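Starting from the known structure of chain E, arrange chain V on it as the hints suggest.
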Amino acid sequence: MTSAISVSGLVKTFGRTRALDGLDLSVDTGEVHGFLGPNGAGKSTTIRVLLGLLRADAGDVSLLGGHPWRDAVRLHRRLAYVPGDVNLWPNLTGGEAIDLFGALRGGLDKRRRAELVERFQLDPSKKARTYSKGNRQKVAVVAAFASDVELYVLDEPTSGLDPLMEAVFQECVREVKQEGRTVLLSSHIFSEVEALCDRVSIIRQGRTVESGTLAQLRHLTRTSISVETTHPISGLDEQAGVHDAAVDGTHAKFDVDSHQLDQALRYLTRFEVRALTSAPPSLEELFMRHYGDELRENGVKAGAGVR
Amino acid sequence: MSAFVGTARLVRLAIRRDRIQLPLWIIGTLLFVPTVIASLRDRFPTEADRIEVLRAAVESPALLVMRTVPTGTSEGAMAMFQMLGYLPVVTGLMSTLAVVRHTRQNEETGRAEMLGATVVGRYAELTAALIVAAGANVVLGGLFGLALLGYGLPAAGSFAAGAGIAAAGVAFAGIAAVAAQITQSARAANGIAAAVVGVAFLVRGFGDALGQVQPNGYVMRSAWPAWLSPIGWVTEIRPYAGDRWWVLLLPLACFAASVAVAFALTVRRDVGMGMIADRRGPAQASPALLSPLGLAWRLQRGTLLGWGVAMAAFGVAVGSLATSVPGALGENEGGAETITKLAGGSSADLTDAFFAAMITFYGAMAAAYVVQALMRPRIEEAGGAGEAVLATGTGRLTWLVSHLAVSVAGAALLLLVSGLATGIVAGLDGGEAAGRVGQLTGAALMQLPAALVLVGFTVVAFGLLPRLTIGLAWAAYTICLIVGQLGELLGLPQWARDISPFTHVPAVPAATATAAPLIALSAVAVALGAAGLALFRRRDLAL
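Line order of the protein sequences matches chains E and V. Just so we're aligned: 171 in the UniProt record's numbering is position 171 of the first sequence, and the numbers increase by one with no gaps anywhere. Just so we're aligned: 87 in the UniProt record's numbering is position 87 of the second sequence, and the numbers increase by one with no gaps anywhere.
One chain only, chain E, in its complex shape (with noise of 0.2 Å):
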């Protein structure tokens, strides 16, 4: 399997802000990639270093084979962005704006475009300055799906759709990930990443905390889990990997390092098992291990809002 994004050690500073700070990113050819943080954290400047619209301070970038920076055209012929924020020209349909994007990335498929159009609900004929937030990011994301290209280089594409709409997006992203081509995609909705996305790398602060497939990921974290026994349970949180174990009887709650797991379930077949249930844990839950602290500092308590 190839990589079509490679970057490792990537350094970007403004002024006296450090936006990324040795940020590493790996998306192999054929993946749908999420690309995750807070506001804030770097993936736009990440994307745009990509895009070689920001030059790199330090650290390794290749895409697609080739150098970001140098070869920017040629590379660029062979993606398409859809960035966070769509501005278009005010005085341009949406329709023209759309084939514009396609003619000046190298070509577009008529047929896909109509058809694009057609799902995304989208009236072409009016000016970009009447469009709302979500009618824009339609021009962007019909523009992008209907380019004939490699990798799909999307900043948080949806934040404006509807959820019908969100719906055709996830579709999209299928159907040029079965053809075969790369997408990597910045988002804040989790339920679409954990949809769509075969891998992801939750960044903070400009460095990636964390990276892999969600399996992977899982396996880092906690699992849900409540159980019913026939004997009083005692003793389970002394068990190892046992967290917030709220005993009442023989009913028991509590989280479990996925690591652990096999042991405390070991464990709680001393007291018989007659039900027991067990969430995996979610996306969301991973990434508000990760800014827990933050959120602390914040006065907003680890976990609230999560369950």
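FYI, nobody ran anything at the bench for these hints, they're computed from the structure. Just to be clear, a hint being listed does not mean it is correct.
[Stated by the list, open to error] To spell it out: a stretch of chain V is covered by chain E in this simulated footprint if at least three of its residues, at any positions, have a beta carbon under 8 Å from a beta carbon of chain E; those stretches are:
1. 287–301
2. 373–385
3. 390–397
Predicted model only: the values in this text are computed from it and were never measured. Positions of the beta carbon are idealized from the N, C-alpha and C atoms, including for glycine.
Below, chain V alone, put in the same frame as chain E:
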């Protein structure tokens, strides 16, 4: 009165937003007072000197267009002759930009929607904008009066002059309020309002050029067209020469009427919408749009069309004034001197000197267009689709060169149009059409290399200090205009005048055309442009 709730708060917000901008406008305008008075006392110390120069001035339509009609020979009246023709343009632009900034621009950016959802009445925003604009004019007018008073000029005339330019500003604020209701974009509203100010200046100029010289031979009364222009009204107040305060009723009535119209329009439309609704456009792009050059042309063509109409009209006006020049200035040394000074050369033929003088202003206008056009790449980069375009297969050089090509070709076209218009009209009047057309068109096009130097400077600024591009470019333009086009008239030393590229253009048809300076200017422009492009290629996008 609930429609006005929140006005006071919005006024404070607007003042806070404008705390730097408006004081700069006011101080900049006030600086005209010491400059003009000092040069007046230096050059025309006695009444006899002033009578002599005014006798010449009234015979020069070109000078009357740039200044206004002289109303008297006192020091005060002389200062008014120097300033009242264009100071209302300054207060007018200050007012229209302020009103649009606090009304239509707020709506366009969505700020008005957020404000409108708070406890703010329907009329509050427009009222606040008008209060701020009118307040700025009142402060400016008062300080202007005080400044003149400080030079020992009579109080009544000083404050009449201050009241006059302030009232003109207020009248234009009202007009801008209407423009802001009609259009959907702040750009269009600013364009309409600035066009009204420009037309008012030209109408005043025509009225003054066609004015009647009084029997004494040096005082003049404007012809009736000047009464159609808010700028003409200021001259009609005649500060230091009668102080006709009642004339102030005209700008105030104009303000009241246009504000009434604007408020009536406010209640008839929705937030964010204009009276001129946006039409639907094509669902698919035409092939002509589908390239960086096609896009640059599409984004620039509206501006170019506006400038083209304005410069063609100016060319026709200059061409038609030409026939009156030689007869009027034949026996008159002072006026001839002014014209030849403006032309920056010496010539036996006053008509040629007049054309040469006017053509330097064509150069200035073409340069203003090209600087304005080159703001487009910066606007695209900062808040437009520049980022998305540069993430496509469009290289940075292709992108910027496309904008440069359209801007420079546009400037050449503007010079061609104005030169042709002047030549055709002057030729028809003077009966030597073919020769005049060729001569004046060529002379106008010779201004292009000088304008290109400003293009080069702007590209360097864009490549080196992108966030300051707009300010730097206009500052350079203003300096070139003052030291170049007006340098000789202001009595600046030669080394200062040499800073402006326009100083180096041969003053054709007053002087003979030489290729060397044009080639040198072009070389400087190309070198600057290449340096700017190289800098832009190497820098981060400044989003």
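Comparing the hints with the structure gives:
no. : hint    : verdict
1   : 287–301 : holds (count 7)
2   : 373–385 : holds (count 3)
3   : 390–397 : holds (count 7)
When each numbered hint is compared with the structure, no violation occurs for any of them.
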